[in-house]
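K.L.:
Sequence order for the protein chains is A and B. Per the numbering used here, the first sequence runs over residues 1 to 165. Per the numbering used here, the second sequence runs over residues 1 to 950.
Because the hints were derived from the structure by calculation, they are not lab data. Backbone N, C-alpha and C fix where the C-beta goes; we use that ideal spot for every residue, glycine too. Be aware that a few hints might be false.
Pairwise CB distance ranges, derived in the manner of DEER restraints [what the hints assert, rightly or not]:
(1) A:ASP4 <-> B:ASN119: 49 to 57 Å
(2) B:SER893 <-> A:MET117: 32 to 40 Å
(3) A:LYS141 <-> B:PRO225: 19 to 27 Å
(4) A:TRP156 <-> B:ASP236: 53 to 61 Å
(5) B:PRO225 <-> A:SER148: 51 to 59 Å
(6) B:SER893 <-> A:THR113: 29 to 37 Å
(7) A:THR113 <-> B:GLN784: 34 to 42 Å
(8) A:SER148 <-> B:ASP737: 51 to 59 Å
(9) B:ASN119 <-> A:VAL147: 25 to 33 Å
If the Cβ cut is set under 7 Å, some of the chain A residues that face chain B in the computed set are [stated by the list, open to error]:
(10) SER12
(11) GLY17
(12) THR21
(13) LYS25
(14) ALA26
(15) GLN51
(16) PRO74
(17) GLU86
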Amino acid sequence: MTMDIRLLRIDSRLIHGQVTTNWAKAIKVNRILVVSDRVAKDLTRRTLIIQATPPGIRANVVTVEKMIRLYHDPRFSFLKPMILVEDAVDARCLVEGGVRIDSVNIGAISFDTTRVMVTDAIAVNEDDVAAFKWFHERGIKLDVRKVSNDSSKNLWKSLSEKGLV
Amino acid sequence: MTRREKILTYLEKRTFSMSEGVTTNEISEATGVLRSNVSRELNQLVREGRIKKTNGRPVHYVVNHAAGKRKGKMQQKPNIGFAGDARISDQNIEENYTANRNEVDVFENMIGSRDSLRNQVEQAKAALLYPPHGLNTLIIGPTGSGKTYFANKMYHFALDREIISKKGFTTFNCADYAHNPQLLMSHLFGYVKGAFTGANDNKDGLIQEADGGMLFLDEVHRLPPEGQEMIFYFMDHGTYSRLGETTKVHHADVRLVYATTEDPESSLLQTFVRRIPIIIQLPGFNQRNAREKLQLLEQLLTLEANRIHKNIRLSEDVVQALLGSVTYGNVGQLKSNIQLVCAQGFLNSMHNKNEITLLFSQLPPNIKDGLSNLANNRQELGNLSRLLEPTMVIKPDAKRGLPDIDSYELPYNLYEIIGDKAALLKEEGLDQAAINNFIMTDINLHLKSFYHQGKLEKTVNSLNEIVDQEIIDLTKQIQQLLQERENYPVRDNFIYAMSLHISSFIKRIQSGKPLRTISSDLISMVHDYPAELKIAERVKDLIEDHYHFPIPESEMYYMAILLVSLKSEPKTGKVGIVVAAHGNSTASSMVQVVSQLLSVDNIAAYDMPLEMSPKVALDGIASQVKSIDQDNGVLLLVDMGSLSTFSSKLTEKTNVHVKTIDMVTTAMVLEAARKTALIDSDLETVYRELREFNGYSRTIERVQKKKNDVQKRSNQRQKAIIAICSTGEGTARRIKDLLDKILVDNLIDDITVITVSVVNMKEQIAEIQQNYQIVATTGVVKPQVAAPFVSLENLFQGGGESFVGLIEEINNHTARETEALEQSELLTEEMSQKYLGQYFTFINPVKIAKILWNYCGFIQQRSKAKMSNAFKISLIMHMAGALERYLTRSEMSVDEQRLSRVRTEKMYPIVKQANEVLHKTLNVNLSDPEVYFIVELFNTEKEKNDTQSN
Numbered sequence: 001m002t003m004d005i006r007l008l009r010i011d012s013r014l015i016h017g018q019v020t021t022n023w024a025k026a027i028k029v030n031r032i033l034v035v036s037d038r039v040a041k042d043l044t045r046r047t048l049i050i051q052a053t054p055p056g057i058r059a060n061v062v063t064v065e066k067m068i069r070l071y072h073d074p075r076f077s078f079l080k081p082m083i084l085v086e087d088a089v090d091a092r093c094l095v096e097g098g099v100r101i102d103s104v105n106i107g108a109i110s111f112d113t114t115r116v117m118v119t120d121a122i123a124v125n126e127d128d129v130a131a132f133k134w135f136h137e138r139g140i141k142l143d144v145r146k147v148s149n150d151s152s153k154n155l156w157k158s159l160s161e162k163g164l165v
Numbered sequence: 001m002t003r004r005e006k007i008l009t010y011l012e013k014r015t016f017s018m019s020e021g022v023t024t025n026e027i028s029e030a031t032g033v034l035r036s037n038v039s040r041e042l043n044q045l046v047r048e049g050r051i052k053k054t055n056g057r058p059v060h061y062v063v064n065h066a067a068g069k070r071k072g073k074m075q076q077k078p079n080i081g082f083a084g085d086a087r088i089s090d091q092n093i094e095e096n097y098t099a100n101r102n103e104v105d106v107f108e109n110m111i112g113s114r115d116s117l118r119n120q121v122e123q124a125k126a127a128l129l130y131p132p133h134g135l136n137t138l139i140i141g142p143t144g145s146g147k148t149y150f151a152n153k154m155y156h157f158a159l160d161r162e163i164i165s166k167k168g169f170t171t172f173n174c175a176d177y178a179h180n181p182q183l184l185m186s187h188l189f190g191y192v193k194g195a196f197t198g199a200n201d202n203k204d205g206l207i208q209e210a211d212g213g214m215l216f217l218d219e220v221h222r223l224p225p226e227g228q229e230m231i232f233y234f235m236d237h238g239t240y241s242r243l244g245e246t247t248k249v250h251h252a253d254v255r256l257v258y259a260t261t262e263d264p265e266s267s268l269l270q271t272f273v274r275r276i277p278i279i280i281q282l283p284g285f286n287q288r289n290a291r292e293k294l295q296l297l298e299q300l301l302t303l304e305a306n307r308i309h310k311n312i313r314l315s316e317d318v319v320q321a322l323l324g325s326v327t328y329g330n331v332g333q334l335k336s337n338i339q340l341v342c343a344q345g346f347l348n349s350m351h352n353k354n355e356i357t358l359l360f361s362q363l364p365p366n367i368k369d370g371l372s373n374l375a376n377n378r379q380e381l382g383n384l385s386r387l388l389e390p391t392m393v394i395k396p397d398a399k400r401g402l403p404d405i406d407s408y409e410l411p412y413n414l415y416e417i418i419g420d421k422a423a424l425l426k427e428e429g430l431d432q433a434a435i436n437n438f439i440m441t442d443i444n445l446h447l448k449s450f451y452h453q454g455k456l457e458k459t460v461n462s463l464n465e466i467v468d469q470e471i472i473d474l475t476k477q478i479q480q481l482l483q484e485r486e487n488y489p490v491r492d493n494f495i496y497a498m499s500l501h502i503s504s505f506i507k508r509i510q511s512g513k514p515l516r517t518i519s520s521d522l523i524s525m526v527h528d529y530p531a532e533l534k535i536a537e538r539v540k541d542l543i544e545d546h547y548h549f550p551i552p553e554s555e556m557y558y559m560a561i562l563l564v565s566l567k568s569e570p571k572t573g574k575v576g577i578v579v580a581a582h583g584n585s586t587a588s589s590m591v592q593v594v595s596q597l598l599s600v601d602n603i604a605a606y607d608m609p610l611e612m613s614p615k616v617a618l619d620g621i622a623s624q625v626k627s628i629d630q631d632n633g634v635l636l637l638v639d640m641g642s643l644s645t646f647s648s649k650l651t652e653k654t655n656v657h658v659k660t661i662d663m664v665t666t667a668m669v670l671e672a673a674r675k676t677a678l679i680d681s682d683l684e685t686v687y688r689e690l691r692e693f694n695g696y697s698r699t700i701e702r703v704q705k706k707k708n709d710v711q712k713r714s715n716q717r718q719k720a721i722i723a724i725c726s727t728g729e730g731t732a733r734r735i736k737d738l739l740d741k742i743l744v745d746n747l748i749d750d751i752t753v754i755t756v757s758v759v760n761m762k763e764q765i766a767e768i769q770q771n772y773q774i775v776a777t778t779g780v781v782k783p784q785v786a787a788p789f790v791s792l793e794n795l796f797q798g799g800g801e802s803f804v805g806l807i808e809e810i811n812n813h814t815a816r817e818t819e820a821l822e823q824s825e826l827l828t829e830e831m832s833q834k835y836l837g838q839y840f841t842f843i844n845p846v847k848i849a850k851i852l853w854n855y856c857g858f859i860q861q862r863s864k865a866k867m868s869n870a871f872k873i874s875l876i877m878h879m880a881g882a883l884e885r886y887l888t889r890s891e892m893s894v895d896e897q898r899l900s901r902v903r904t905e906k907m908y909p910i911v912k913q914a915n916e917v918l919h920k921t922l923n924v925n926l927s928d929p930e931v932y933f934i935v936e937l938f939n940t941e942k943e944k945n946d947t948q949s950n
């Protein structure tokens with residue numbers, strides 16, 4: 001038996017305020033797992049992320065490698081986590097490592113000079129596009145929602161409209 | 001004595017003999033206080049009207065006797081007598097006392113009323129003042145957190161504000177009659193003649209008695225369902241019926257305050273939580289901040305000082321031990337511990353008319369253990385140390401008065417009893433030692449018999465969950481037997497270790513598993529401890545008597561081993577460490593860091609200001625060497641120069657073997673402390689190893705080493721925690737189960753818990769070390785392994801929390817810093833600017849960071865709420881998001897219902913005002929839904945802080 005992953009979400013800001021609170025409540029998770037090698041190493045960001053954790057729920061920051069290890073370890077099958085990653089590449093690493101999901105939620109990906117804006121909250125670069133393509137080819141849904149009660153939009157559609165795929 | 005006190009005392013003395021008063025210079029000379037400081041204090045005193053000054057030069061000062069009435073008030077501050085400034089004192093405590101009664105706020109002088117109890121006080125006031133009849137209130141808090149005290153304050157507040165018409169605070173403990181609902185109901189509601197056998201007359205209940213006043217129902221979760229029903233009816237209608245009546249015709253106007261220790265989520269309480277509008281949650285002692293803890297300690301000590309009319313003098317370590325001795329019983333436990341040590345101090349200082357001294361060496365072992373409990377919590381210890389002076393003197397203070405009646409109060413004057421008894425024994429011709437011994441037993445008995453009836457039975461609460469009460473009781477019997485009849489020393493951890501041991505072998509026997517064999521190792525080991533074997537036999541008899549089945553002989557041997565393991569601290573001393581360095585606090589800060597990290601007790605510091613002469617330094621270091629020596633030599637770590645030649649001189653001076661290493665760094669002190677923590681270590685080995693030590697990470701070699709490290713990590717030995725019990729199968733298994741659960745819960749998958757028996761412990765551990773890196777140990781005995789040891793009671797009482805901290809520290813060396821970082825300087829405006837740049841697209845981080853940082857400041861100031869820097873950054877990020885949404889015209893929406901709700905929130909007007917400032921600066925007008933989310937952010941933060949502090 002493996003753990004029941006309630007949500008895999010891409011969000012540059014990982015845990016932040018009301019957004020995370022909303023999701024955690026809506027999908028009944030018992031843990032928030034922030035999966036990021038960068039954050040695991042960055043004490044300041046880790047502090048900020050743990051600080052922003054909604055009340056009544058625990059959050060852990062783990063590396064991609066550890067997340068995959070935990071996922072396959074039956075001792076941790078009691079977890080019903082929401083997994084937060086910073087970008088599509090990390091999300092893809094998890095799925096490649098055997099983590100099974102049928103959709104990826106995309107909240108916000110911050111703009112930087114390598115990226116272009118696809119929606120008002122999502123910016124992508126080549127690596128992101130490659131990763132999204134990879135998901136799409138495996139039939140994994142690319143679900144764009146800020147909070148759980150937003151109506152879901154398909155990122156693939158937006159990417160196609162922009163001529164990125 | 002504070003500066004101010006010194007000056008006042010001197011003035012008072014002098015004004016008697018000289019009518020013309022004294023000059024600033026004279027005071028300065030006589031008290032040794034700098035003239036400028038004297039002058040400042042004098043001016044302050046003149047302003048307060050405590051002293052008068054003459055016209056003309058030089059100015060003379062006299063005590064203003066006319067200000068007699070105000071005197072009491074002014075004395076309040078110096079009464080909290082720290083050796084230095086009285087910086088802990090709550091300056092305004094008594095300010096209002098002389099004011100009009102209606103303006104008096106009894107909550108004001110309650111410790112924490114501006115801090116950890118601020119919300120609670122506001123809630124209480126709101127509940128009482130709510131028109132027309134106030135709201136019924138439920139106080140929730142752990143044992144001893146002060147629920148009755150708080151309710152009492154509420155009562156006094158209500159009385160002062162004339163909210164209730166009648167004097168009378170009626171209390172009733174629902175647990176007292178929980179087994180007999182009928183009796184309980186009759187107490188509460190009264191009965192009519194003939195309602196039940198023995199009801200020969202009509203009788204009013206407590207509800208009637210409390211008419212016009214306040215009724216406090218403690219342990220309300222023990223109220224039976226029918227009682228709850230009647231109370232609820234009474235709450236809703238104000239009428240009730242007595243037992244035996246069919247109609248609810250009686251009316252009473254009663255403020256109801258309930259209290260419980262129960263978790264509000266529990267089913268027992270849910271009806272209450274639903275029906276009672278105001279729920280006040282009191283924090284446990286350990287959720288209070290260091291400053292409040294200290295204030296509580298002072299207040300409780302002042303109560304004792306008032307009782308004995310003497311000053312109480314205590315050193316820093318006694319303060320720490322007392323604070324650390326609070327494990328489960330909160331302020332109540334602190335109170336009883338203080339009573340115990342004061343009684344003891346009173347006895348030991350009987351000859352001294354003015355003062356009693358509490359010495360660390362004389363504290364009972366369970367309170368001494370408080371010091372190490374405290375040392376386990378590094379952050380707390382750090383916070384405390386900042387507030388502590390080496391010596392604290394508490395003076396009697398009439399203003400602080402005698403305690404309110406509460407269940408932690410002894411029903412008689414213990415000190416009188418001690419005094420009388422001591423006098424009596426002296427007449428009988430007993431010597432002082434015998435008298436002390438005799439009376440101490442008496443004190444313990446008094447306090448024990450008293451506290452056992454009620455509150456403090458909960459010591460073993462957490463143990464209760466793993467071991468049957470029957471076994472705990474049996475263990476207590478055994479403990480008593482050992483202490484009283486066999487005169488065998490028993491420490492705090494006895495109950496834990498012994499009851500777990502008994503529990504596991506009883507289970508084993510009952511389940512019919514094969515007997516454990518007696519190995520030759522076991523026999524030869526026990527052979528060295530005939531005394532323990534004899535006692536083990538007695539214990540075995542006792543258990544056999546209790547369970548009526550034979551206990552195999554092998555268990556007796558294991559029992560003997562357990563007893564050996566549990567014997568008081570090992571006698572072989574550790575190598576001591578003295579750190580001496582130039583600078584006012586260089587050495588002591590290094591030592592502080594290390595003792596906090598490793599909680600070791602074999603290390604001392606000696607600071608040498610630059611102007612200190614070598615001669616003075618040598619003497620100073622010598623005395624530190626002597627104090628830290630445990631007959632195993634002392635390692636002297638120095639920073640430079642002449643100091644490194646001190647070894648031989650020191651050895652000569654102190655007769656202690658001293659070795660010196662220079663160029664001390666914190667890392668080196670850490671390493672030295674780690675190495676000397678092993679009892680087996682000897683000075684020469686440690687010295688040799690340390691000379692080769694060159695830091696945990698040398699920057700020069702770091703780069704090239706890094707590659708190797710990565711490789712090394714993959715074939716590094718797996719980490720293990722060792723759990724030890726006498727058999728390796730009973731208690732140790734339990735520990736393993738518990739730890740495995742904790743490890744999994746904390747997502748730690750790379751540490752194995754291995755159980756080990758005391759028999760052959762050394763060999764087993766050596767074998768484990770071949771394959772594993774031992775990162776921590778726990779169990780009935782501390783093995784000689786270079787890894788931290790967690791005692792059984794810490795493990796079980798803390799629910800393993802302390803272990804998690806430890807493990808996290810082992811795993812990434814950074815957990816410690818994370819806590820500190822929360823408030824740290826690192827999370828600055830610059831940092832927020834960096835993140836703004838990283839996550840947002842349109843706004844200009846350089847310009848906006850400053851504005852939003854000030855926005856936080858504005859709200860913090862208006863709301864008087866504490867905002868951690870981490871929260872500030874969260875808020876800044878959120879605000880940047882809001883601004884960007886405004887700019888991109890994608891603002892959030894929220895339904896009308898929520899919007900109207902948020903307008904009633906306390907934070908709403910403050911956020912509105914803050915947004916107005918934003919509007920003025922940026923010409924940006926955030927919509928109401930955005931305001932809603934900002935307020936929600938604050939609510940979430942508050943909720944989180946509240947849950948954390950519960």
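K.L.:
Determine which of the earlier numbered hints do not hold for this structure and return their numbers in increasing order.
P.N.:
Hints 1, 2, 3, 5, 7, 8, 13, 14, 16 and 17 not satisfied by this model.
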